[in-house]
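If you're matching them up, the sequences are chains A and B in order. In terms of numbering that gives the first Met the number 0, the first sequence has 10 at position 11, counting the first letter as 1, and numbering is strictly consecutive. In terms of numbering that gives the first Met the number 0, the second sequence has 334 at position 335, counting the first letter as 1, and numbering is strictly consecutive.
Check the hints yourself; a few may be wrong.
You can't tell identical chains apart in this list, so a pair holds if it fits in one copy or across any two.
[To be verified] Derived lysine-lysine pairs resembling DSS-like cross-links, with alpha carbons at most 27 Å apart: (1) K203 to K186; (2) K77 to K308; (3) K169 to K107; (4) K308 to K86.
Don't read these hints as lab results, they were simulated from the structure.
2 protein chains.
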Amino acid sequence: MAESKAAGYQTQTIYQKRRTVVYDWMAREGISLAMLEDSEGRRDSSIRYLCGMPADALLFLSVDRRAVLVPWDIHIAKLYADADHLKPYADFNRQPINACVKTAELLKLAPNSRIELPAATSYPLFLKYVEALSGYDAICREDAGLARELETQRSVKDEAEIKIYRTAGKITTLIAAQIEKMLRGGKIKTETDAALFIEAECRKHGCESTSFETLAAGPARSFAIHAFPAWTAETFGGSGLSILDFGVKYGGYCTDVTLTIARSPTKAQERLIALVEKARKIVLSKIKAGYSSVDAALLVEGIFGRAHKSMPHALGHGIGLDPHETPVLRVREPGCILEKNMVLAIEPGLYDPVIGGCRLENDYLVTEDGLEALTDTGIVYL
Amino acid sequence: MAESKAAGYQTQTIYQKRRTVVYDWMAREGISLAMLEDSEGRRDSSIRYLCGMPADALLFLSVDRRAVLVPWDIHIAKLYADADHLKPYADFNRQPINACVKTAELLKLAPNSRIELPAATSYPLFLKYVEALSGYDAICREDAGLARELETQRSVKDEAEIKIYRTAGKITTLIAAQIEKMLRGGKIKTETDAALFIEAECRKHGCESTSFETLAAGPARSFAIHAFPAWTAETFGGSGLSILDFGVKYGGYCTDVTLTIARSPTKAQERLIALVEKARKIVLSKIKAGYSSVDAALLVEGIFGRAHKSMPHALGHGIGLDPHETPVLRVREPGCILEKNMVLAIEPGLYDPVIGGCRLENDYLVTEDGLEALTDTGIVYL
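Sequences and hints are given; from them, build the entire structure.
Rendered as structure tokens:
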């Protein structure tokens, strides 16, 4: 590795372009300084989106178009991040409030300037910020704030991101195909075998990690949406329905697919699979730019409902630097109109405590005409 | 796995005992209802601590000693959780605010009753709760609130937890010893080899997972406190200093150890190791119940400072259901007086962008006389 960077690293220009969109938004909103925080328990991938820093940091953006990065680890920041100023966290006694006050001073903010704090700032903590920033107008917003704005900005992928996703999707499909072959050949026998193969294989392709803890659940556990524990040393792919839900993180971006493995399925299990496959086929043929997320979810709910079944989770979700991003495809309002260049994981599934679960999930790029499949996985019959 | 539970599952009695401490505290504080939330982006292991539920859920505790659990996945809850009422999340349209309002009604809370919301509730969200709970007195506190109270309660382990930790520690030490042997025998050659061995081996011993993403950093990357990416397909244990930071999660509880692997170290690297070992030895001989967390950190800072070095992270931290818990052992106030039955990870380390890093970390139970080592790992000379 030496001084080389992880795969999929993006150019400085991309980060500056993304920050420009934020600066323009700040100017319209009358925000002088915006603060983002990515720390344990308060993860925010928008820092990585805006400057490339892949680890704990604070990021301050000022409306006069300067980005101040305060990383926990200055060495990692020097290797990965693009910012106008790099300030070690230790300079602020490792206190986010202190860093915010000092940065406002460093940037010579005028009195009463509007400072937007992270939307996730807790109520008690916000009161402390307000006190420490008493010379300014500190705000913390959800619905109209920067976090929501960045969710929207990030939901439509730019060229650099789509390029990464085409590669990430290929790696994911390749790994799924290898798993299918190994299951057939008896080389994957346990949940551990499946999970470890993914962990090792994705890194051989330059991925930095899996996108979330792989869920490998044999027939006795596939009824759970998210099996607990996620995977064990027990056998995998035995008689009935097994679920393998995984993704890779390439250049920071997450894929998310689910294979259902069916061995000697019963009639009831075959009907479950057929119903999920039917719903998948129909909904995939409908979604395109301009289609509504609520309509997509209602369509599947209708198909399942007519068979007296219901899906205990959303139909799908955006993916990106996080494995779950905006938009969510669910029946509840408010939904959204799907846009060109959104990247979605679509995952119809049905679960039954007796016969087990079936989920089919792939990733798609939304286009004007429909969906471009980024991954290609499905039912594996053994 | 069938219907069997993961290893280390605790008895109903333990959860009820823990909740009793909370109910007593609520009575003293005049809190009628307390809400906890464990969801994506808002993790709170206190739900697992109080009722055993290991996955997404809301938990409501009422001062009349009733626990209402609202799980995302009812099947998992039925298998693992102990609560007086189990209410599917779907009953509340999957809206935490709705669940809170309806639970207050279900429990027949008197008007103006005090309802304590999670301390992590964001400022904008808290305003929404206040509006929805307009007939009650909704509060959200950090310093004197339930979250802080639970941090304190959880920092001192009970008998069930100490029993789990003795087993978890043995598994961790065993895995570390195997890794040492495999490194010597040339069976672990890459960061992937080391990380995957831990993932597989811990599950063979009944662990549900590792406690965090293993950090395996060869000589070119060991300068970082937390290497990025955490581990890669590159070689591990080459000339110089490599770091392997890992832990296992057994019965929900996390261990956290770090091995430093030294192959043909230079004089400068040997001096770095000797200094970290010296600091470790001295501080371990001092810590016992009644000792101050700040004093412990200052002691190590002094030893490093006299050699013109400084440690870029805390000396140690509590471990438990989370890999980082209260207390933190650092030089900054406010510290705390260490108590009997706290479980601590102590991790002196020094890092240099040129010569690499050395961190030595083990887990200890605080006793009246000193520290009982739960794990036994150290420098591996190759």
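Tested hints:
no.: 1; hint: K203 to K186; result: both (19 Å within a copy, 18 Å between copies)
no.: 2; hint: K77 to K308; result: between (53 Å within a copy, 21 Å between copies)
no.: 3; hint: K169 to K107; result: neither (48 Å within a copy, 55 Å between copies)
no.: 4; hint: K308 to K86; result: between (55 Å within a copy, 20 Å between copies)
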